[in-house]
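Chemist: Based on these hints, arrange chains B and C on the given structure of chain A.
Listed in order, the protein sequences are those of chains A, B and C. Residue 6 is where the first sequence starts when you use the numbering used here, and the numbers rise one by one after that. Residue -19 is where the second sequence starts when you use the numbering used here, and the numbers rise one by one after that. Residue 58 is where the third sequence starts when you use the numbering used here, and the numbers rise one by one after that.
These are calculated hints, taken from the structure and not from any lab test. Warning: the hint list may mix true and false statements.
To be verified - Mimicking BS3-like on lysine-lysine, the simulated pairs with C-alpha atoms at most 27 Å apart in a straight line are: (1) A:Lys30 <-> B:Lys4; (2) A:Lys72 <-> B:Lys245; (3) C:Lys93 <-> B:Lys238; (4) A:Lys153 <-> B:Lys245; (5) B:Lys4 <-> A:Lys72; (6) B:Lys238 <-> A:Lys30.
To be verified - Taking beta-carbon pairs under 8 Å as the criterion, some of the chain B residues facing chain C (in silico): (7) Pro242; (8) Lys245; (9) Asn246.
Don't be surprised by glycine CBs; every beta carbon is placed ideally from N, CA and C.
What follows is each chain in one-letter form.
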Amino acid sequence: MLADLKRSHPTAFERVGFAFAKQGKVSKEEVLILFCDYLSLPDGCYVADENVGAQINSTGINMAMQKILDEQQGAFHVHLHDWPGKPNLSLTDVGGILPLIPGFQAVGPQLPHGVLLLSRDSVICYVWLPGSGQLLAEKITIVGKQMKFYA
Amino acid sequence: MLDEQYSRQSFLGGSVQKRFQAVKVAIIGLGGGGSHIAQQLAHLGILNYVLYDPQTIELSNLNRMVGARRSDVGALKILVAQRIILDIQPKANVYVVADRWQKMPELLRGCDIIFGCVDTFKDRNELEASARRYLIPYIDIGMDIFKIGNELPRMVGQVILSLPGSHCLRCLDFITEQNLGNEASNYGAAGGRPQVVWPNGILASSAVGLAVSMITGWNETNNFPIYLSYDGNSMCVTRHIRLDYELPEKCEHFPPSKVGEPEYKNV
Amino acid sequence: MLTSRLKAAKYLLAIQRVAHPPNMRDLPLDELDELKLVCVSLSIAEEAGLRYILLQGLNLPVGCLPDRTDALFCPMPRDGYLSRLFFAEKVKFPGVENPNWNATDVRILERNWHAISWKVPREDLRLAQILSDHLNPHM
Chain A
6 MLADLKRSHP
16 TAFERVGFAF
26 AKQGKVSKEE
36 VLILFCDYLS
46 LPDGCYVADE
56 NVGAQINSTG
66 INMAMQKILD
76 EQQGAFHVHL
86 HDWPGKPNLS
96 LTDVGGILPL
106 IPGFQAVGPQ
116 LPHGVLLLSR
126 DSVICYVWLP
136 GSGQLLAEKI
146 TIVGKQMKFY
156 A
Chain B
-19 MLDEQYSRQS
-9 FLGGSVQKRF
1 QAVKVAIIGL
11 GGGGSHIAQQ
21 LAHLGILNYV
31 LYDPQTIELS
41 NLNRMVGARR
51 SDVGALKILV
61 AQRIILDIQP
71 KANVYVVADR
81 WQKMPELLRG
91 CDIIFGCVDT
101 FKDRNELEAS
111 ARRYLIPYID
121 IGMDIFKIGN
131 ELPRMVGQVI
141 LSLPGSHCLR
151 CLDFITEQNL
161 GNEASNYGAA
171 GGRPQVVWPN
181 GILASSAVGL
191 AVSMITGWNE
201 TNNFPIYLSY
211 DGNSMCVTRH
221 IRLDYELPEK
231 CEHFPPSKVG
241 EPEYKNV
Chain C
58 MLTSRLKAAK
68 YLLAIQRVAH
78 PPNMRDLPLD
88 ELDELKLVCV
98 SLSIAEEAGL
108 RYILLQGLNL
118 PVGCLPDRTD
128 ALFCPMPRDG
138 YLSRLFFAEK
148 VKFPGVENPN
158 WNATDVRILE
168 RNWHAISWKV
178 PREDLRLAQI
188 LSDHLNPHM
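Extracted from the complex, chain A is given alone in its bound form:
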């Protein structure tokens, strides 16, 4: 996923992808978001716009929506702020990404959706669970031979 997001694009300054997840329950208070797939957006899914890092077109959004329907997995918009430190959603991010969530919820109302924002050494995740508002993930674990933990 990181390698995909770091690729250069002919016109956009940043790349965008969609991670897909299912929900698991630990207890009444603790929910797990289990990421299981990633959709890399083709170059043609970007709109040329100098005012933003990246803007995806309706084709890209439709690809994400179709995958929600086909796979019954929740969609998470993913992009990278390529500098160190804990990332934060910019005003542009808020204006451009958050409006996608209601569309995802319409297509997959019983699935979790959200936003994954990576930096060079950190990650945050905003989640919308079925029937809930915006939540910030308390802990993010990258599972692999080298595990990474973010809180």
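Modeler: Then chains B and C, alone, in the frame of chain A:
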């Protein structure tokens, strides 16, 4: 400033103790192997545990169960393990379940690593499946001592990492329908198997070392083998020969999409 | 050297035998339709390379206690059996005094199940026939 208690493990990295304190581990089976693992993790500074074991300590366990005293005979194994951990880490959160893990499986889901120190292929099979559903690395250890005819006893063991997205115990031919079937047909004939302390220690230490590598990245390598073989007769721990031969391109037993609650397709 | 060659040969044979997961038994639609006559609520899921049929609220043979329960049918070789039927609870079958519940609290598909040791001897039976054999262990 690093706590003096951990000053000798500062080579693991600066923020490692915070990571150890945040990580939550499950240990299923607190006998010969699991008791070693619990003790070592406590020494390292791991603070969050979920322990499962329904059994009480018998006199025959004292030859190998780390931390168990003669006065513990009759006590629950998990309580002895809890005592070991709390004696080293008084602030540890140790949740104990005096039952099979299948009776309270939800507690596993919030763990970061699961250590399986169980006796049967059946339990391993089920544990791995649950771990895979919640994207939790599962580290399995086990040993056996057997005799063929009049030959010397053979001592063998394994440490296997079942990592979500990578090969599973079935891909590695450790769990097969044949050995599950053989085990099922011997149901009731188990118990009283030979067991001693030092191979448990070797296997448990290897499992803990593997976990520390995963949590801390201190050795900066992804290139460690996921399947270790222990030959107790020659006293060697080596990369298992299975890894030298063709493995499936990807694990088809646990595809990435099969996570979370099971999905049933209506007929 | 000879020992490691023998080990290598053993593993090459093992690879040929089990390099890929066992082929899922195709579940023919007509056989599934027959099962639906026995239990209306039928669904299928997979775990660890095995396929399972969930029969929700399966009506059990006359004389069973309870008379109705959820069952999980594995029509593929599992645990040394050609097929296996798991129940959500231990069932008392008429005419079977002490059934051998050799699988209790088996965790499959995030639920606990129980099964009697019962071998359906033939491989060529239809799904409904296999299920019937599992449900009537006293016959």
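Chemist: State for each hint whether it applies.
Modeler: Verification of the supplied hints:
For the proposed pair A:Lys30 and B:Lys4, the alpha carbon gap of about 16 Å is at most 27 Å, so the pair holds. For the suggested pair A:Lys72 and B:Lys245, the alpha carbons sit about 18 Å apart, so the restraint of at most 27 Å is met. Taken as a hint, the C:Lys93 and B:Lys238 pair is honoured in the structure, with Cα atoms around 26 Å apart against an allowance of 27 Å. For the hint pairing A:Lys153 with B:Lys245, the CA-to-CA distance comes to about 35 Å; that exceeds 27 Å, so the pair is violated.
Taking the CA atoms of B:Lys4 and A:Lys72, the gap is near 33 Å; set against the 27 Å cutoff, the hint is violated. For the suggested pair B:Lys238 and A:Lys30, the alpha carbons sit about 15 Å apart, so the restraint of at most 27 Å is met. Given the 8 Å rule on beta carbons, the hint for B:Pro242 holds: about 4 Å separates it from the nearest Cβ of chain C. A least Cβ separation of about 5 Å between B:Lys245 and chain C falls short of the 8 Å threshold, and the interface hint therefore holds.
Restraint check, B:Asn246 versus chain C: the minimum CB separation of about 5 Å is within 8 Å; hint holds.
The structure is inconsistent with the numbered hints 4 and 5, although it conforms to all the rest.
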